[in-house]
Amino acid sequence: MNLKLNQLDQIFVIVNHWLLGYLPPAVRPLCSSILSIALIIVTFALLFAITTVLERKGLGRIQNRFGPNRVGPCGFLQPIADGIKSLTKEDIVPNPADHAVHFLAPVLLVAAAFMAYAVLPIGRNMILVDLNAGVLYFFAIGSLMELAVFMAGWSSRSKYSLLGAMRAIAQMISYEVPLVLASIVVIMQAGSLSTVSIVNMQATYTGIWPHWFVFTPWGFAGFALFMIAATAESNRSPFDLPEGESEIIAGYYTEYSGFKFALFFLGEYIGMFATSAMAITLFLGGWSAPFSFLTWIPSYFWFFAKLLTIILTFIWVRGTLPRLRMDQLMNLAWEFMLPMTLLNLLTAGVWHFMSAGVLRWLICGAMVVVPCILLSRGLKQRKKFQVRKYHFSE
Amino acid sequence: MVGKGIIKGMVETARNFLGSYVSKQRLTTIQYPEERAPQIEAARNFPFLVFDGTDAERGLRCVACQICEKECPPKCIFIEKSKDKKPDATGRMQFYPATFNIDISVCMSCQICVEVCPFDSIKMDVVYDLSNNDRFAGLLLHKQQLAKSNEYYNTIHPTEAAAVDAHFAEERAKAAAKVKAAAEAKLAAEAKAAADSNAKAETPLADTQAQPVGGGTR
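Which chain is which? The protein sequence lines are A and B, in order.
The numbering of the first sequence is the working numbering, which starts it at 127 and goes up by one.
The numbering of the second sequence is the working numbering, which starts it at 3 and goes up by one.
Derived from the structure by calculation, the hints contain no laboratory data.
Please note that a few of the clues may not be correct.
What the hints assert, rightly or not - Straight-line alpha carbon distances no greater than 20 angstroms define the calculated PhoX-like cross-link-like pairs of lysine-lysine that follow:
#, chain 1, residue 1, chain 2, residue 2
1, B, 194, B, 182
2, B, 72, B, 83
3, B, 77, B, 145
4, A, 506, B, 6
5, B, 6, A, 509
6, A, 506, B, 10
7, B, 145, B, 72
8, B, 145, B, 88
9, B, 176, B, 188
Next up, chain B with everything else stripped away, as it sits in the complex (with noise of 0.2 angstroms):
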């Protein structure tokens, strides 16, 4: 029969139109600003710094070593490094990032800073919704916008940020048991000094210096 395409094609569409009214589930839109879709764990655009604790100052992870500067294949990120030292995620002396800004403008979102970052400090975020007035300074991002908690970190990739934690706690425990042995292994210097008297005292060899954490993890 002539024209039978176009009337089940005209049926179909008349049974969108009157479907979209009735059931919400054909609706797929999602009203955007109102509502927003669940993000997948996976999800990531921009990077940003992680701090642990509740000061993003003293807490930050970053040891300004500057490989993802290095790294970075649009050379988006800009490091100037500490004159001083400040203790870092394990305990250790380290120099931290004076400066730190990403040009999200520039930046790909290729996570190369990430898979380089032996201290797990620069991740990748998940806020989108990035619009701004200022093309040029609105976009270039400091290290005040840049240090988020690690609280942040656990709710937005609570997978990764597991394994990070777990590791962290693992370093983190070794530096104490090396602490202590240190310790220790003074104290009985100090005793052998102490009853060894007539002897020139030695200072035992304390294990101060420090081997790079992390980065074993992948």
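Bound conformation, chain A alone (with noise of 0.2 angstroms):
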């Protein structure tokens, strides 16, 4: 790689260097992450601007509608006109609501968000620190996010929040364990929980092709797993239970008006930018060129290609898929996705100790194919059809 390619790739870490030249040694640190932590704040609150709009028209396109297209060029100010909206409504709090919490529950939100950031590598060398337990932060936070929906919920004071809140614990903290577990696979083969380490380690190319986990039998498992459970967790459809607005109203955020409730919007987009920048980390080799002769192009742009991408796949599942049941959510969970995770660790473990070659593929992937296969249909032949039977309402 040149000098002058080299230096674009690197340009935000140069310009940082350079800015903090002028500071005493002394407040340099500390500077230094006020500087990073505004531009993360700064450049993922401009995709939630962006993702909302994408959203709404790519929804609108996939039902055969306009979606917005008033506001500026093609309806891309939409964001601008949504925010001055929301900052201008009142903001209402329900009197027997402990307004303390009820208060707090969106600034936690936002802020265990964010948080998740601090382990994401956006590029070379552009991480805010480089934990070497950095997945487990990740996921340690990525709990934070629960805690602040039950406060949201319990603190309302409404049956319609209080539903909601407890409908999200159950889901978050059943997929917590199958998100848990896929990322497993990942730090097995890594050995490390370091997430520049793992991004480093699918930087490496044979050929023209990278050695991204995502191609390899229980890489694809896992990620296919990870970004279910990943759906599951930022609460959006086909997992929108929390949410169900045609059965309660707006689940544990019903209580919030004017800019609580865009903080609780701009916190799950931002969650669900975290995780989704987690799997790319994990499985899609973070920041790194998707083939060999690529690799010109700065690391960052990869990275946002890449997250952008995922975005669009989870506007378009929104678009297909309708919402499950309560008992649905609950068995994929349990008895779908635990199983394959549990049985995919087991996969990455005989792919670490077979040597490479032909063989080594045919097993993994049987290994995956033939359970995924059996578990569904299993599942499926247990179902019974019948009318069911109401014992309270008759």
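Two chains, two separate frames, one set of hints: put the complex together.
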């Protein structure tokens, strides 16, 4: 790689160093962190704004509508109008609500969502802190969001909020298990909990092909399971039961209005980006280019290209699938996802101890595909279709 | 195969997404202020008053009989009768409304006023962009705003208006015939009186008593 391209790749790092050069050495670490945090917050808040308009337009097109097309060119200034609207709205707090907790819940949600970005490598050398337990930190921070959701539901003193929070907690805790188990295969292979070394392991090439973990049987299965669990974690369709508007209005944020509501919205999307970014880091090679001859394109470009692809897939899935029922959701988590992730651990182990070759591919591929088919068939056969009896309503 | 349904659905939505950019027929949305959906003939929302000719004040068909005011279920019509009279649509001298107000924020578009009007003077309008800054005075329509020409009525409800016009033409012809007959009778009587000069002159009885017109059409 020649020097000029390298500079373009490292432009943010270079600018950061240049700016810090003007400061006394004592405050440099602090200012460096503040600068990076501000940049992360601004970038991902902007990405959130773009995503909302893309989502509304995409869903519209999927339903053969136009979507927003009035504010600005092709409606792309819609988020600004939405922001102004939510800022000018009255902030209503229910009288019996626990005011302090009611206020803290959206703040905590957004803060927790942004804290997860500390360990996500956005580009080469572009990471806030390279923790040696980065993946662990990520999942620990991820569970803070559950606390925020429950705080919102509990403090609102509304039955819809409480039902929504209950659903959200049940769902998020259930799917946390397959989420973490699906990512363990990568940790097994990489031998490290540091996100930087996980990405560095994948940023090597054989010929033109990269060594992304998704291009292995266990990696592919892990990626699919991780993405399903991530969808449920971020409460997105088809797992959007906590805010199923046809049943419980808006779930745990029923009693929120104005900018607090917008903060919840922001927190959910930021959390979704964070889990998507984690999936990219673990399985899709982080900031590395998909082919060796494309490495001259800056690393952060690849990261955001992958992130946008995943976001668009999320939107596509949301436009396609109907919402699950509560028991279907739980059955999927405990009867399908959990056994599959546990089997995937075994597959990753077998892959690790077998020598490279076609045989390894065949055995590990069979270890993924056969249980998947058998498990889903078995679950299907156990289902009996019958007229449901309502014990309490007759 | 597991997940076949999901893939099928994803393909379908992708087809919708791409198709909406290719074929305009897929997009059923009408971009409202710029373009409007064609209106069907039976469309209706709030009542208006029909006038004949060009002068809204003189051509107003309404004779202030106040039937609509009495029949209106939400009581959104207010009429004040005039003191003097003016010729109505068929030429007879009638009262006219000095004030005719309809509060369309109260009106429920039931069309009963139209059903009961014996003079075919109140009809249903099709104008729907009525948003206003003043929800009280802005939605209280006065006679000047309510009065709309017969030509306008013909454009929004052609079939119905043609029937009404035919009926009016018949009535006018009848009235004209009556006037003619009365004039002839008067002439004959005068001739008779002139011939029979010795006898006491008798004034011929002119048929001035007005009969209600219309109403029989429905």
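Practice task
Please name the hints from earlier in the document that this structure breaks, with their numbers sorted from lowest to highest.
Solution key: When the structure is compared with the hints, none of them turns out to be violated.
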